[in-house]
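Here the protein sequences line up with chains A, B and C, keeping their order.
Residue numbering for the first sequence follows my numbering, beginning at 3 and increasing consecutively.
Residue numbering for the second sequence follows my numbering, beginning at 3 and increasing consecutively.
Residue numbering for the third sequence follows my numbering, beginning at 3 and increasing consecutively.
Not one of these hints is a red herring.
No distinction is drawn between identical chains; accordingly, a pair holds when it is met within one copy or between any pair of copies.
Restricting the straight-line Cα-Cα distance to at most 20 Å, the calculated cross-link-like pairs of lysine to any residue (SDA-like) are:
1) Lys341 x Asn313
2) Lys341 x Ala253
3) Lys341 x Ser254
4) Lys469 x Ala165
5) Lys241 x Arg183
6) Lys341 x Gln317
7) Lys159 x Val124
8) Lys4 x Leu447
9) Lys469 x Gly74
10) Lys341 x Gln73
11) Lys341 x Met321
12) Lys465 x Leu298
13) Lys465 x Gln73
14) Lys465 x Asp300
15) Lys159 x Gly126
16) Lys4 x Glu449
17) Lys180 x Ala50
18) Lys341 x Leu298
Simulated from the structure, these hints should not be mistaken for laboratory data.
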Amino acid sequence: MKLLDDDRLLPTEERPRRLARDLYEQVRDLPIISPHGHTDPRWYAEDAAFPDPAQLIVTPDHYVFRMLVSQGVSMADLGVPRADGGPVETDGRKIWRLFAQNYHLFSGTPSRLWLDHSFQEVFGIDRRLNAETADWYYDHISERLSQPEYRPRALFKRFNIEAIATTEAATDDLRWHKMIRDSGWDGRVVTAYRPDNVVDPEMAGFADNIMLMGEQTGFDTATWPGYLDAHRARRAYFKQFGATSSDHGHASARTEDLPQHEAAALFQKALRGECSPAEADAFRGQMLTEMARMSLEDGLVLQIHPGSRRNHSAQVMAMYGRDKGFDIPGRTDYVTALKPLLDAVGMRPDLTVILFTLDETAYSRELAPLAGAYPCLRIGPAWWFYDSPEGMRRYREAVTETAGFYNTAGFNDDTRAFCSIPARHDVARRVDCSFLASLIVSGRLGEDEAPDVACDLAYGLAKRSYKM
Amino acid sequence: MKLLDDDRLLPTEERPRRLARDLYEQVRDLPIISPHGHTDPRWYAEDAAFPDPAQLIVTPDHYVFRMLVSQGVSMADLGVPRADGGPVETDGRKIWRLFAQNYHLFSGTPSRLWLDHSFQEVFGIDRRLNAETADWYYDHISERLSQPEYRPRALFKRFNIEAIATTEAATDDLRWHKMIRDSGWDGRVVTAYRPDNVVDPEMAGFADNIMLMGEQTGFDTATWPGYLDAHRARRAYFKQFGATSSDHGHASARTEDLPQHEAAALFQKALRGECSPAEADAFRGQMLTEMARMSLEDGLVLQIHPGSRRNHSAQVMAMYGRDKGFDIPGRTDYVTALKPLLDAVGMRPDLTVILFTLDETAYSRELAPLAGAYPCLRIGPAWWFYDSPEGMRRYREAVTETAGFYNTAGFNDDTRAFCSIPARHDVARRVDCSFLASLIVSGRLGEDEAPDVACDLAYGLAKRSYKM
Amino acid sequence: MKLLDDDRLLPTEERPRRLARDLYEQVRDLPIISPHGHTDPRWYAEDAAFPDPAQLIVTPDHYVFRMLVSQGVSMADLGVPRADGGPVETDGRKIWRLFAQNYHLFSGTPSRLWLDHSFQEVFGIDRRLNAETADWYYDHISERLSQPEYRPRALFKRFNIEAIATTEAATDDLRWHKMIRDSGWDGRVVTAYRPDNVVDPEMAGFADNIMLMGEQTGFDTATWPGYLDAHRARRAYFKQFGATSSDHGHASARTEDLPQHEAAALFQKALRGECSPAEADAFRGQMLTEMARMSLEDGLVLQIHPGSRRNHSAQVMAMYGRDKGFDIPGRTDYVTALKPLLDAVGMRPDLTVILFTLDETAYSRELAPLAGAYPCLRIGPAWWFYDSPEGMRRYREAVTETAGFYNTAGFNDDTRAFCSIPARHDVARRVDCSFLASLIVSGRLGEDEAPDVACDLAYGLAKRSYKM
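Full structure from sequences and hints, please.
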């Protein structure tokens with residue numbers, strides 16, 4: 003049997019299905035532009051074989067293990083490392099069996115689509131995962147992972163990735179990116195500038211990180227101008243390793259444009275660890291506007307990823323640490339929050355600010371009207387919980403009528419699950435082609451116009467918006 | 003003519019319709035599990051004939067009469083009792099005529115589906131209700147209601163109800179449940195523990211109710227530990243009458259986990275009627291966490307039904323009292339509100355907390371991410387204004403991709419309209435089978451996997467989530 | 003080629019398409035009732051030829067030019083007048099070319115549908131607009147505009163407009179409406195009472211406008227009773243020119259019902275320019291309730307259009323002034339906000355209050371439950387960014403199940419783009435007929451019942467709700 007229906011996610015009626023399939027045929031083999039993601043640059047640098055199936059597919063992917071946890075499986079039994087280094091399951095086969103016997107939990111979820119796509123397309127599997135096939139799967143995938151064709155660089159080529167961005171902290175030494183460059187390998191792996199650890203006064207190690215940034219750049223980061231110059235220097239350093247964007251993951255979309263002396267005073271307070279929560283929030287907001295101004299100097303695209311209440315469970319945070327699937331979205335306002343930044347630089351057509359959301363209500367109410375007016379703004383693709391067939395459909399339906407296609411920024415896979423990359427882009431291409439087909443059959447788009455739009459959604463917009 | 007299309011609510015395209023119909027055939031005759039609702043236990047206890055058609059169908063159902071009121075009909079003319087006992091229409095035929103001549107107002111609403119289902123399936127009617135057929139309807143239904151087959155227990159069996167829960171206040175003596183048990187009738191009617199009147203300091207009679215709870219249990223409810231013990235005792239008493247759940251209808255989802263001495267002090271303030279609105283809110287929030295802890299002791303499932311701004315019209319409240327169709331939903335936050343409870347007991351897989359919402363924006367943004375992570379959480383079905391074809395469709399589309407099917411809790415009819423129970427479950431079964439068919443035809447669910455899911459959505463999940 | 007598909011916006015499946023088309027055939031030629039809009043009464047008064055194509059179609063329509071601006075085109079190059087009277091492009095042909103070469107930006111937007119409809123149906127054009135056809139279009143439309151059949155009154159008749167409302171400030175002298183009346187022309191053009199400039203203490207010229215209102219009416223508008231009487235007199239004056247409604251565009255839906263002496267004191271503060279923002283907001287809220295009370299006296303329908311954060315960009319506001327496409331919606335609460343007004347007059351069936359929203363989340367959560375209960379409330383049609391196929395579909399899906407059809411108020415085009423009026427009504431009629439067809443095929447509406455509903459949605463509800 004095939005795990006995947008060839009016509010999956012395409013319309014079911016005859017005419018729209020045919021139109022969508024025709025469009026999809028034109029974009030399915032376009033190279034992948036992956037301008038925002040979290041794959042590990044070390045993979046491409048060392049090109050070592052991936053470890054066992056559980057370590058590749060289950061343990062590092064919070065999409066996968068949080069679903070098992072939600073039904074009572076313990077993280078320790080899935081091999082998720084404990085913060086205190088205490089014992090967790092290390093037998094990959096045991097972890098895999100637990101995953102396999104709970105595979106029905108993923109029915110109807112995008113994880114199921116991504117996993118089946120990896121199983122079929124990456125590993126050539128032709129039977130469904132369940133308790134009975136668990137060991138067969140484990141053996142089969144293990145065997146494949148030992149082959150040179152399953153090393154990261156080989157998969158990178160096989161996945162037809164034209165360019166991929168990883169995400170590194172502002173103080174990262176980019177050693178793996180250096181190693182990739184020095185290796186002479188021609189795969190295009192670039193970094194992105196993620197300064198949360200030197201921009202968020204509430205993050206552990208904030209002041210130390212800023213001191214380190216001083217050492218890295220030679221600027222006196224104990225002063226506001228020196229701190230800003232250090233950012234400029236680090237951004238320039240990241241650009242040497244291909245960075246075309248910075249990225250900012252704040253709890254809200256708040257921006258500020260304080261007078262510089264007030265910003266300087268706030269910075270000093272932050273350095274001393276004396277900011278109230280409100281002041282810390284203001285400082286983060288100020289830094290978004292400073293980053294936008296630096297973008298006008300150096301051309302980096304500014305990405306704002308707001309709205310996640312991270313590490314919601316105190317118990318999980320204490321036992322297992324950050325990024326364990328307990329990041330819960332909340333309501334996010336953009337209209338008031340972005341005004342200071344937009345008043346400062348919003349009308350500049352030489353600036354690109356890409357807005358993401360975890361609050362779908364903002365699509366039609368706030369993001370499309372904003373991006374449909376301000377020249378600097380683009381709407382990022384459906385993100386995280388919405389990187390899914392229904393999520394992407396709702397995104398297009400909510401955004402297009404006000405912002406059109408050309409105020410959107412193409413697709414991001416935003417993943418740390420390497421084998422899911424082709425699956426995710428494939429889902430986006432299918433959903434977008436289906437949406438275009440629905441516009442054609444309802445007389446809202448010319449059949450002759452649709453192929454150009456389809457190619458832009460699959461490839462052109464990501465490449466141009468991110469200057470990749 | 004038939005009032006109902008046999009294929010109503012199924013997809014209209016040939017292949018999905020066939021798939022949905024096949025699934026529906028497998029679940030349509032499954033017994034009804036009704037784990038949350040508001041039918042009157044007295045009906046099952048006394049098994050008396052229902053009164054006239056207006057008293058059965060119009061006057062007690064705020065879904066029905068609020069629609070007529072919204073177009074200018076007065077409640078008094080519909081026989082809705084006045085709070086002061088003043089005169090209202092008592093002639094059932096007159097009320098019925100008023101209802102019949104306005105029946106077009108229900109076009110496109112679920113009430114229309116439920117009513118037509120009752121007319122056709124319960125009363126065997128084959129013509130549409132309108133001004134011309136009003137009297138015929140009235141006579142026909144009246145005649146049927148006089149027959150023994152239309153008594154509550156006979157209908158209970160005919161409706162194929164395996165188990166139904168009613169909802170009683172914490173201080174209720176459960177006399178009707180006792181009478182049902184003592185009668186030896188084998189219909190399974192259980193109660194549910196609804197302690198709003200002894201948990202909400204702003205509800206009239208709060209302190210008196212707590213004193214009554216003391217008398218009922220022998221605990222000194224003037225003290226915080228005695229008050230908690232009285233809850234434990236009442237919960238145990240409710241369990242004797244089959245209760246498997248408690249239910250809480252607060253304006254928000256706020257929870258608290260205060261130190262016990264602070265909770266005790268707040269309780270004393272509440273008893274003295276001295277709580278500020280903020281303190282009353284905190285006390286209600288504290289009690290949700292206390293109830294969750296008791297659930298860990300006694301196994302009752304905790305249901306949270308937040309978000310209704312009840313009795314919105316001061317004039318309607320003054321003239322007709324509570325529950326008169328003027329309960330209006332508002333925005334509801336879950337992420338911040340539930341954190342204290344979840345930090346206290348959220349990772350316990352032996353606890354079940356079922357979350358409902360009247361704010362659909364919370365489905366994909368908050369409820370699915372929360373239930374897709376915390377082991378104790380399940381998402382209740384589409385509720386109240388959303389217990390409808392479009393509402394249920396949006397619910398599945400918004401919830402499934404993040405939480406899957408197995409973090410949802412099956413269907414609730416939540417009704418006081420007895421004759422609508424089979425109609426409501428039938429609507430849910432049709433909509434869910436249609437959703438599954440749409441997943442199959444778009445390659446997101448195996449045709450061989452769907453029947454198990456369909457049976458779980460129609461029966462298994464309600465039975466297991468509620469331990470029915 | 004035809005620019006428009008004859009079956010655009012109808013369902014694509016055979017049976018629903020046939021049903022929708024049959025319904026559409028019954029409503030497509032019904033006269034247009036346009037009870038709320040912003041066309042210029044001077045057009046109908048003077049009946050002069052429209053200026054060049056750019057001045058007709060691009061420069062005055064913020065839907066159109068904001069999309070070009072969002073992609074980096076400057077407003078000055080599109081001929082949008084500067085606030086300081088500085089130089090902007092005046093060559094209509096140059097502006098038109100810029101528009102034409104960016105026409106692909108409108109793919110998937112309702113503007114594209116409206117524009118193509120105007121091109122084909124109003125101007126008889128049979129080729130698509132783009133850089134190559136720009137000059138041909140410009141010449142063709144220019145030539146048509148010089149013909150008498152393209153004068154405003156001729157188009158008014160050709161568009162089959164039975165009645166249209168314009169919107170004038172409370173202090174407007176209604177000279178154009180007088181001129182229309184005096185001309186003896188039989189086209190029905192009525193005004194609507196828009197008192198924002200004498201109701202909003204934060205609007206420039208507030209006190210002066212109130213003094214002017216005093217001169218216009220002979221009442222002492224320096225006193226609260228005189229101010230209210232002046233409103234009564236201006237409303238009566240507007241009624242002489244056909245007004246059937248008042249209209250209120252506030253940032254929120256806040257209402258107040260203060261004791262009259264407090265309202266009077268607040269008014270005095272407002273007159274002196276001493277209101278805090280909170281007090282100004284309270285005053286606007288009080289005036290909504292006062293307007294509702296006057297509506298009970300004089301029968302004007304009260305329209306509330308809340309939720310736009312107007313003139314979001316400080317730079318655009320400074321350079322180009324108000325209404326330049328930078329009005330961004332925000333979250334809007336209705337449940338708490340409307341309670342004072344509803345407690346005062348909400349149960350009166352002789353009052354009509356029509357609620358609009360730019361926050362779609364309010365449809366099912368707040369507006370439908372409110373309008374499905376209070377006799378005075380009706381839900382206005384999908385507005386502004388939602389006056390679109392997807393927007394209208396979501397509106398019907400979200401509103402109908404709770405409020406039915408008869409608590410909605412028919413369609414408004416709300417436009418200042420004259421040539422788009424038939425297009426907008428046509429879109430609404432197609433979308434509504436498609437929605438009704440979907441109800442029929444899913445067994446939720448009788449095929450025999452649908453035509454009456456379709457006619458009410460296209461014509462009857464607008465006429466009756468607005469007393470047109």
